[in-house]
Amino acid sequence: MAKRCAFSLALLTLLGSSVAVAGPTLDAVKQRGYLKCGVSQGLAGFSTPNQQGEWTGLDVDYCRALAAAVFGDAGKVRFTPLSAKERFTALQSGEVDILSRNTTWTASRDTELGFDFVGVSFYDGQGFMVRKDLGVKSARELDGATICANAGTTTELNIADYFRTHGMKYRPVVFEKSDETVAAYDAGRCDVYTTDRSGLYAQRVKLKNPDAHVILPEVISKEPLGPLVRQGDPQWFDIAKWTLYVLIGAEELGLTSANVEQQRKSSQNPEVRRLLGAEGSFGQALGLPADWALQVVRQVGNYGEIFQRNLGGLPLNIERGQNALWTQGGLMYAPPFR
Amino acid sequence: MAALDPIGPPRRASSWRSPRLRAWLLQAALLAAVLGAVALMFGNALDNLARQGIASGFGFLSQPAGFGIETTLIEYSETSSYGRAFLVGLLNTLLVSAIGIVLATVLGFVIGVARLSPNALIRGWAYAYVELIRNVPLLLQIFFWYFAVLRPLPGPREAISLFDVAFLSNRGLQLPKPLPEDGFGWLVAALALGVVAALLVARWRRDGAGRRWPWTLAALLLPPAAVVLAVGWPLAWSVPELSRFNFHGGMTLTPEFVALVLALSLYTASFIAEIVRAGLQSVRRGQREAALALALPPRLVLRKVVLPQAMRVIVPPLTNQYLNLTKNSSLAAAIAYPDLVSVFAGTVLNQTGQAVEVISITMAVYLAISLAIAALMAWYNRRQALVER
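So the sequences go chain by chain: A and B. Per our numbering, the very first residue in the first sequence carries number 8; after that it's consecutive. Per our numbering, the very first residue in the second sequence carries number 532; after that it's consecutive.
Worth flagging that the hints you see were computed from the coordinates, not collected in a lab. Be aware that one or more of the hints could be misleading.
Using 35 angstroms as the maximum straight-line C-alpha spacing, the simulated DSBU-like pairs for lysine-lysine come out as follows [to be verified]: (1) A:Lys144 to A:Lys83; (2) A:Lys184 to A:Lys139; (3) B:Lys835 to A:Lys176; (4) B:Lys858 to A:Lys184; (5) A:Lys139 to B:Lys858.
Kindly produce the complete structure, drawing on both the sequences and the hints.
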């Protein structure tokens, strides 16, 4: 019920006020003293509270990096867990400054919802998970299956497309929260659970008997996941975009949380010097301190470190794959810092 | 309004001093202020939406929805429009509400009467039911039926079979589905004819001596029987059969639907029971005693003397309960039943991002449903009202 209240409140803000939304976001964030970041309600590896109750994950670390960029302090961020259904209204109404919630970049979301996608922080694709004892080897055998999915996601649309394309039938059972969806699948309400493949691996760990389930080989969609901001504030958009590029670029340049401090002093590479604020005016152009990128890398690490910390290690063991640097056969690429 | 009506005859002074005119002006100013505020909010919202580059307007209703819905009463596919998805959600809401209202009313009346039963055991059970059910939040009851009762049922392969035509599993209750064949229209028409005939016969035999029901029954059954003899039994059954994943054929009552209907009707029934009890107790004891003194059988005392008088007390609060039940059906979103809120204010809102339009439509629809129910009940209440002679 509290959620519904928050939702109505957001709607009311949309109807009633223009102050919170129209003003330059950077000023509003600085004045407030902390960043408001919308994350998912619990998806291992992306945003989930750890045993100490602190938020961890790739999406979470991106927001920490943004806070480090703005305040020089990765701790000045508050996380708002949002369901798939609530996320867009929360960003539209100014409830959050940035939405970093494994959200797929699509044309209609970018153009019709009043958002700008900052970039891609994780390349994903939709897959299917089924029980091993069903003996299903391929998604093409799923004709007539009951499928659990999350409401209001691209997932819901992709299964419709996939089954229509292949002339198969299915029965959708859609829940608002991903936990409810997984629980329903685990209890046998559905034959199939579908979401992005990273999500399948993350949720499989939570099932009663993870070994009894198998993820089918088909990837039925492109799911570029990334943070997004409200349209109409180019400065904030640039800050969010270049924070992401700093994370990727730092990995490419070999800057890590451990060595970045020393690299700033000793590096002779002009690109590193420009990035870390030893020369040029990278920070100034964005309205940020000269050492902002240094703070981002020092406090949060580069993209590779973040990936390893949240997804690459146990229990998820997700391979870099498409998310490796372009120099290593992946898709992660940052424009030059010049 | 009444307070602003002129007091005493209008004076002959300048029209500005006429109380009627002043009252009228005041009302007009107030109305203008309210309309102005609404227009301002509306304009502001449009303005904000435009500034943020968010699409607005109702054009999205004709665009293809692109998602599937499990329970649909009308033809719906992934290529149908958002408008069609809205209709599907609306009909699902109406279905749950209608079934819930019927079940809650029947159960509520039975328990309400049982609350006043001379039998202490029946009275006690009815009392326990009311106190238990009405004091637990509805959402928890929905969760109870959905998560605790229906979810632990066995999977489709181990489904509980009822005579091999119906099956109960965690996918829901699979029932045989009637398939109308040639001549089914005739059967329906004959049934309708039978009902009309039965009503006429019942009215005709009302004053006559002797038994009424054999004649009525004959009038009811003769026309359909004639049709069946003429064209054969025009109805086939599609029996559910287990295929690789699910049952196919037949019809499915999903666990979401069953849990929602159960919770809504049991919960509302406990309130209706109390309303019925209050209504019955509002009829003075003398009425009952007088009826008994006239040697009316106790069964008829309730039906002919007490209930008709109690209905005048029962109907207005009963309307409230019907409205509550309809609005409470929006809790469906919590258990994935595709009602209006789940489909339209959930998925459609999220896929189009047009929160203002979608929520406005949803609110307007609930308002319209509620006003319709209230109007219907008001009409019934007027019919039941005491006619003073």
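- Message: When the structure is checked against the list of hints, which entries are broken? Sort them ascending.
- Response: Per hint list: 1, 3 and 5 violated.
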